[in-house]
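Just so you know, the sequences run in chain order A and B.
Counting from 1, position 173 in the first sequence corresponds to residue 172 in numbering that gives the first Met the number 0; the numbering is continuous, with no gaps.
Counting from 1, position 130 in the second sequence corresponds to residue 129 in numbering that gives the first Met the number 0; the numbering is continuous, with no gaps.
These aren't lab readings, by the way, just hints derived from the structure by calculation.
Keep in mind that a hint or two might mislead.
Facing chain A, a subset of chain B residues (Cβ under 7 Å, in silico) [to be verified]:
1. Thr45
2. Thr64
3. Ser71
4. Phe111
5. Ala125
6. Leu126
7. Met128
8. Phe169
We treat Cβ as the ideally placed atom computed from N, Cα and C, and that holds for glycine.
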Amino acid sequence: MALIELFLVFLKIGAFTFGGGYAMLPLIQSEVERHGWLTQAEVVDFVAVSESTPGPLAVNMATFVGIRTGGVLGAIIATLGIVLPSFIIILIIAKCFEKYKKSKAVGGIMSGLKPAVVGMIGAAFISVAKTVFFPAGLSVSVFSSASFWVFLELFAVTTVLAFKKVHPIKIILLSAVIGLGAGYGLGL
Amino acid sequence: MNKNLDLFLTFMKIGAFTFGGGYAMIPLIQKEVCENKKWLNEKDITDIVAISESTPGPIAINAATFVGYKTSGFLGACMATIGVVLPSFLIISLISMILTQFQSIKVVHYAFMGIRAAVLALILKALWMMFKSVKKKKKPFSYAIMGLSLVLTAFLKIDAVFVIIGCGLFGLLWSILNRKEQSNGAD
Chain A
0 MALIELFLVF
10 LKIGAFTFGG
20 GYAMLPLIQS
30 EVERHGWLTQ
40 AEVVDFVAVS
50 ESTPGPLAVN
60 MATFVGIRTG
70 GVLGAIIATL
80 GIVLPSFIII
90 LIIAKCFEKY
100 KKSKAVGGIM
110 SGLKPAVVGM
120 IGAAFISVAK
130 TVFFPAGLSV
140 SVFSSASFWV
150 FLELFAVTTV
160 LAFKKVHPIK
170 IILLSAVIGL
180 GAGYGLGL
Chain B
0 MNKNLDLFLT
10 FMKIGAFTFG
20 GGYAMIPLIQ
30 KEVCENKKWL
40 NEKDITDIVA
50 ISESTPGPIA
60 INAATFVGYK
70 TSGFLGACMA
80 TIGVVLPSFL
90 IISLISMILT
100 QFQSIKVVHY
110 AFMGIRAAVL
120 ALILKALWMM
130 FKSVKKKKKP
140 FSYAIMGLSL
150 VLTAFLKIDA
160 VFVIIGCGLF
170 GLLWSILNRK
180 EQSNGAD
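Bound-form chain A, shown alone:
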């Protein structure tokens, strides 16, 4: 039963992810939390792992959650689930591509989907921000803790680097070093 559930959840994620990568985070977060597969912090950590390893976030996430819940068989089943919807849809479209490309209906649907994806990445940003800055929930006491201000500064620095097109792996390595320094330096 657990394996079927694993397959169906990742089939659903694969079928409703447009715009790739971060747009799927709200869906992944709500699904893995509801099933108790990963915590919010673990999801954020895994995004970093995925950025530092080859392959799409969706596939990496499926393999990771699959192996944790159902071993190698679970990993295979979850990965199959996330790949199957795109695979089938592309096979269908490859046969009648010219028609599909010119279809006004597809154009109309996309004009609604593209901005929706932006809103969903915004939702992912808010939820990850909560995990980073308010790990124990929203409270005033957070603002008096040193770690909050360290992470705020680190976020500001890495944002500047990201917009200057520094490679994500370099940014992740740098932030790991600063995290270590802050952790031991402040005795968090």
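With chain A held as given, fit chain B onto it using these hints.
Structure of chain B alone, referenced to chain A:
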């Protein structure tokens, strides 16, 4: 070499060297599939990008399936898709064992505390890039959908699946209504 085996190996190479996923792999596909193997031409690559944008699923899977099918039919599609997935599958399987063992160690814990702030920055960058790609046309309509999907997903905790379906249908309806208005105006 057997074409299916060649597809498998080529996409395994592409899968193993694409970091960050998504559009980062398009130049690599172009080089391998158009220049080296001459399976497809440049126009096909533009088509792949257009298709990937308007179909669900990771662009890597979409591209592999499309190229595999165009080059060698159904079996080609299977081989290319398995090839592109295999490297991440093996690497993540390995990492998951290591990560589970090391997560409790203090060093790793501190490092990831820092890394989370960086992930937030990367998401902000992605948010800005996507925002820029949308805002050019139909501004009020696009802004309304953006705000709506943000509020529904982040604050009202509506399932993302329903938000996607709803916004897609809304876009379709809107385009049909606009077309009718335009044709009425022409009469």
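Here's how the hints hold up against the structure:
Interface restraint check: Thr45 (chain B) against chain A, minimum CB-CB distance 10 Å, threshold 7 Å, status violated. The interface hint given for Thr64 (chain B) is met, as the beta carbon of that residue sits about 4 Å from the closest beta carbon of chain A, less than 7 Å. Interface restraint check: Ser71 (chain B) against chain A, minimum CB-CB distance 12 Å, threshold 7 Å, status violated. Of the supplied interface hints, the one on Phe111 (chain B) holds, with its beta-carbon coming within about 5 Å of a beta-carbon of chain A, less than 7 Å.
Checking Ala125 (chain B) against chain A by beta carbon gives a least distance of about 5 Å; that is within 7 Å, so the hint holds. Interface restraint check for Leu126 (chain B): the shortest CB-CB distance to chain A comes to about 5 Å, inside 7 Å, so the restraint holds. With its C-beta approaching chain A no nearer than about 9 Å, Met128 (chain B) sits outside the 7 Å limit, and its interface hint is violated. A cut of 7 Å between beta carbons decides the hint on Phe169 (chain B): the least distance to chain A is about 5 Å, and the hint holds.
Comparing the model with each numbered hint stated earlier shows that hints 1, 3, 7 do not hold.
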